[in-house]
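S.K.: Sequence:
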Amino acid sequence: MRAKINRGLLAGCVLSVLAQAAAVADDSHLAIVPRPVSVNAHGGTYRLPAVLSVSSAPVDWQPHVAVLADAVERLTAGRHQVRLVKADPASLVLEQDESLAAEAYRLTVTDKGIRIAASSQKGLAHGTATLLQLMGTHGGTLPTLTVEDAPQAAYRNFMIDMGRNPHSVALLKETIDLLWFYRIDSVHLHLTDDQRFAFPSTAFPKLSDGLISVDEFRELEAYAVARGVTIIPELEVPGHSGILRSKYPEVFGKGPADLATSETALRGIKTLLDEMMDVFASSPYIHIGGDEAFGVPEEPQRDLINKLHAYLKSKGRQTMVWEGPRPGRGENKVHEDVIHVNWRTINYPADQMLKDGYRVVNAAWDPLYIVDHYPRINFTMTSPQHIYETLKLTRFKHVNPGIRTYAQPVDVEQTERLIGFCMPWWEGREANFFAQNVPRLIPFAEIAWNPDVQRDYDEFAARTSATEATRRAAFYPVTIKASDLVVPADGVFHNQTTVTLSSVRDPAEIRYTLDGSLPSASSSVYQQPLTLTKSATVRAALFVDGQPVGHGSRLNLTGVEPVENLALGRPVTSSRSSGPPFSVQRVTDGGTHFLDFYLGYPADPDPVLITIDLEQPQQINRVVVHAFAVSNSFEKYSVEVSTDGRSFEPVASRQERPEKEQRVMEHSFSPRQARYVRIRSLGNKGYVFDSFSKIVEVQVFGP
1 MRAKINRGLL AGCVLSVLAQ AAAVADDSHL AIVPRPVSVN AHGGTYRLPA VLSVSSAPVD
61 WQPHVAVLAD AVERLTAGRH QVRLVKADPA SLVLEQDESL AAEAYRLTVT DKGIRIAASS
121 QKGLAHGTAT LLQLMGTHGG TLPTLTVEDA PQAAYRNFMI DMGRNPHSVA LLKETIDLLW
181 FYRIDSVHLH LTDDQRFAFP STAFPKLSDG LISVDEFREL EAYAVARGVT IIPELEVPGH
241 SGILRSKYPE VFGKGPADLA TSETALRGIK TLLDEMMDVF ASSPYIHIGG DEAFGVPEEP
301 QRDLINKLHA YLKSKGRQTM VWEGPRPGRG ENKVHEDVIH VNWRTINYPA DQMLKDGYRV
361 VNAAWDPLYI VDHYPRINFT MTSPQHIYET LKLTRFKHVN PGIRTYAQPV DVEQTERLIG
421 FCMPWWEGRE ANFFAQNVPR LIPFAEIAWN PDVQRDYDEF AARTSATEAT RRAAFYPVTI
481 KASDLVVPAD GVFHNQTTVT LSSVRDPAEI RYTLDGSLPS ASSSVYQQPL TLTKSATVRA
541 ALFVDGQPVG HGSRLNLTGV EPVENLALGR PVTSSRSSGP PFSVQRVTDG GTHFLDFYLG
601 YPADPDPVLI TIDLEQPQQI NRVVVHAFAV SNSFEKYSVE VSTDGRSFEP VASRQERPEK
661 EQRVMEHSFS PRQARYVRIR SLGNKGYVFD SFSKIVEVQV FGP
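Take the sequence shown: its position 593, counting from 1, is numbered 593 in this note's numbering, and each next residue is one higher.
Don't take every hint at face value.
In silico lysine-lysine, BS3-like type, Cα no more than 25 angstroms apart, as pairs [as the list claims (entries may be wrong)]:
no. : residue 1 : residue 2
1   : K254      : K270
2   : K333      : K307
3   : K355      : K333
4   : K206      : K254
5   : K685      : K660
6   : K307      : K247
7   : K270      : K315
8   : K270      : K307
Derived by calculation from the structure, the hints in this document are not laboratory data.
Make a model of the complete structure from these sequences and hints.
M.R.: As structure tokens, this is what we get:
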């Protein structure tokens, strides 16, 4: 299925990161993500003035100038400001150059000032994102250089599933800023599904739950346009349309086949599309779903797609669909102008789509899908490193060993009809959104911008560390720190942690919550460090004159009361990368909740090797393995021990599904000396999907 610190100190640290020399020989010293196509260093420096004056800009660019000004003021703690003023010469020149491609930009820094050239506001936004990253890592003195840059893939999209769980306007705005900063082109809002209808229809008011109003969506549209990000709305038909039919059966029918064939339903669908197009006026694309229409023959599915495509084309929009029915023939063939998002390459493989003349977006499960399964019963996603090292525009692969493209991915030749990527966030909840998505969106951004970039994950991770410090300073005025974290990347602590909140403003009014909700003017005022003994999502926001400034910061913290054992807190490594919030260190962090697992992929056909270093040889005779289990799934593994880390002896295993679901397995054996304990896992078998290892905790005991 398609899946259900003192801020001043922080700013000072950010502004000094990687400021190694006045002259930059090449882009290896530049913390810019995605890596630009071309950087030409001039060998000099430019000292930023207190006021970066912008003397003129096209009228439709001026909202972005205001957005940039806010980000620069926060990033530099007020030391530098951007102002649209009458000044000659201006220190920041924004030039509209029609010779540049739509998303291309040219950023030039000389000893006289800064110039950004672009043909569109989207290109301008890419240029200012690069400027922000330079300012964050070089302080008040920028290297003189010329950056000439443009994406290789025009479609670089992140999808949010709002049809299963709510996502607030505040979260969507944060996401848009994230996409602007990392030059991701668009956000696709999957607004409708069987569980929710997130769009507030005026024509069909019973569909919406009222959590986001039309005016708020209009504001969000303007917010995105000002940042060079396109919002692409989706109305899912004829499948995943249960809420349409349950609320208005007289319009949309009782079953999906009625919806696909009824003229009354067609008029209703067009009305909903009109409402969406009115709100999301800047999007050249409208997504109409088109997949998993169970119970509807393929012929009426294709017929509906073609009717809606003709209607959208008459409105000046391009139609997008998920990989769904096969293309058909003659008048019933899906129109070649319809863009297909290929997500599983099963019923309509990507190579056949291209052969049939369609434009194709790559949304392959491996490595692009991020799934927080609905309801909260599982997670499926690959690691940031796996995304960075394996993502290819021309490869379509699944994560399910039961599907042919797991072992035999579909590889296609490069063509202009491969227009880019979509990274989908399916079924997820707001509480998990940033912890799971941000680490994966950043490598996606780099490879989607230029799939041919030379890849070195360690070098990329160093750049990312610097750009993330810059992003936090530019958008999040409050810093949250927690003491004594045993897995810092995942926010895990034992028994108790102390949380401190800080901001550059003095005095600063910081308000906070501990339940994950966005602080308001009535939330608690921070006065002293907080002591936590239980899991919490800490949110903190800066208020000036009763109004929030920037975005509210967040930190997910997981408290555990560990069982003392020889493996607790010991170093652990894996043959497969993972990444937060599923780092391999979770295997020895003391947490035993069945969803607090290490997520190792792929574990099939070759096993994942998880090795715990007890740090010295000692007598052991018992290993307890906690693993994810739901619907009688089970982790298939063996336990091995070693004194030297090279020669391992098997001492226990679980190779068969137990009669009853069992999340904890205790393995006893005759006492022996060991320093290393290794789990050789072939994955969690019997529940979505067998290729992922989901070890929660490994405890080791002696006699």
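S.K.: All hints, please: hold or fail.
M.R.: Going down the list of hints, with the structure as the test:
A threshold of 25 angstroms between alpha carbons decides the hint, and for K254 with K270 the separation of about 18 angstroms falls inside it, so the pair holds. Under the criterion of a C-alpha separation no larger than 25 angstroms, the hint pairing K333 with K307 is consistent with the structure, at around 12 angstroms. Under the criterion of a C-alpha separation no larger than 25 angstroms, the hint pairing K355 with K333 is consistent with the structure, at around 14 angstroms. Restraint check for K206 and K254: the C-alpha separation of about 16 angstroms stays at or below 25 angstroms, so the hint holds.
Between K685 and K660, the direct Cα distance comes to roughly 14 angstroms. Compliance with the 25 angstroms bound is thereby established for this hinted pair. A C-alpha spacing of about 24 angstroms is found between K307 and K247, which places the hinted pair at or below 25 angstroms, so the restraint holds. With a C-alpha separation of about 11 angstroms, the suggested pairing of K270 with K315 holds against the 25 angstroms cut-off. Distance restraint check for K270 and K307: the Cα-Cα separation of roughly 10 angstroms lies within the 25 angstroms cut-off, and the hinted pair is therefore satisfied.
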